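Novice: Let the sequences and hints guide you as you build the complete structure.
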Amino acid sequence: MSDRSPVAGGETPSRSRGSLRTAVVWEVLRDALDRRVKAAGTDVLDVLDTGGGTGSFAVPVARLGHRVTVVDPSPNALFALERRAAEAGVAERVRGVQGDIHGLFDVVGRDGFDAVLCHGVLEYVDDPAEGVRNAVDALRPAGALSLLAAGLGGAVLARALAGHFNEARRALTDPAGRWGEGDPVPRRFTAEQLSELVGAAGLRIGAVHGVRVFADLVPGGLVDTQPGALEALMKLEAAAAELPAFHSVATQLHVLGEKAPASTRD
Numbered sequence: 001m002s003d004r005s006p007v008a009g010g011e012t013p014s015r016s017r018g019s020l021r022t023a024v025v026w027e028v029l030r031d032a033l034d035r036r037v038k039a040a041g042t043d044v045l046d047v048l049d050t051g052g053g054t055g056s057f058a059v060p061v062a063r064l065g066h067r068v069t070v071v072d073p074s075p076n077a078l079f080a081l082e083r084r085a086a087e088a089g090v091a092e093r094v095r096g097v098q099g100d101i102h103g104l105f106d107v108v109g110r111d112g113f114d115a116v117l118c119h120g121v122l123e124y125v126d127d128p129a130e131g132v133r134n135a136v137d138a139l140r141p142a143g144a145l146s147l148l149a150a151g152l153g154g155a156v157l158a159r160a161l162a163g164h165f166n167e168a169r170r171a172l173t174d175p176a177g178r179w180g181e182g183d184p185v186p187r188r189f190t191a192e193q194l195s196e197l198v199g200a201a202g203l204r205i206g207a208v209h210g211v212r213v214f215a216d217l218v219p220g221g222l223v224d225t226q227p228g229a230l231e232a233l234m235k236l237e238a239a240a241a242e243l244p245a246f247h248s249v250a251t252q253l254h255v256l257g258e259k260a261p262a263s264t265r266d
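In case it helps, the working numbering puts the sequence shown at residues 1 to 266.
Honestly, the hints are just simulated from the structure, not real lab data. Keep in mind that this is a model prediction, so the values were computed, not measured. Certain hints may be false.
[To be verified] The following label-pair restraints were derived from C-beta to C-beta distances:
#, residue 1, residue 2, range
1, A39, G180, 38 to 48 Å
2, P227, G89, 30 to 40 Å
3, G41, G163, 51 to 61 Å
4, G163, A232, 22 to 32 Å
5, G103, L222, 24 to 34 Å
Glycine included, every Cβ here is placed at the ideal spot set by N, Cα and C.
Specialist: Here it is, written out as structure tokens:
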């Protein structure tokens, strides 16, 4: 567990502009895995990535030495996952199965994982509360849930800055946080809503972070051409991520939930 370099996609933060979108989540997740390793007394954890697609998180987690099961409804995504894992040299530690969060226990067992990743899933399911409950039921005692979902405030801000003021206002007042019929995201959340879902499922909230607070607003040309701009922006994202004031304008929100150890559960 000494390799501190991978981010989603397997690149280091200083080399990948795409890592701006995942660096904050990766740091929180990696620390949670490290804590679980120490608590469990094992170097190898069982990790479930529901909705994990092509393995942008699953493959880096496997590179840390853990066993990862990816559940995704798309055969094409699972094929790409298999190829990505093979190219990274972790094919033996990554398993892909077709399924979704609502039918999770048709393809995996309950209480079988040290950590569950549920990234970019709740926006698209019919019942987010059921999705969170299923993710929690897949956890072993003292396991960790990494939950990432679209943030309401970030969408409102983005539409307003683009000059679409009526759409921004509609997203702000719409129960699902949608800005119109053409909105590709079915549902968005506030930090409070996500925390309530996690708490209602019986987990303790370990941390809440805003993700992509600035990354989607800064012109790409500025980041790509100014020396040191990418690293400086990543540091700014990390500094703002933990501050509640910035949760309300983040494009995504990340909640880390922790299941009680067996000795303290009712």
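Novice: Give me the numbers of the hints this structure contradicts, sorted from smallest to largest.
Specialist: Of the numbered hints, just 5 does not hold.
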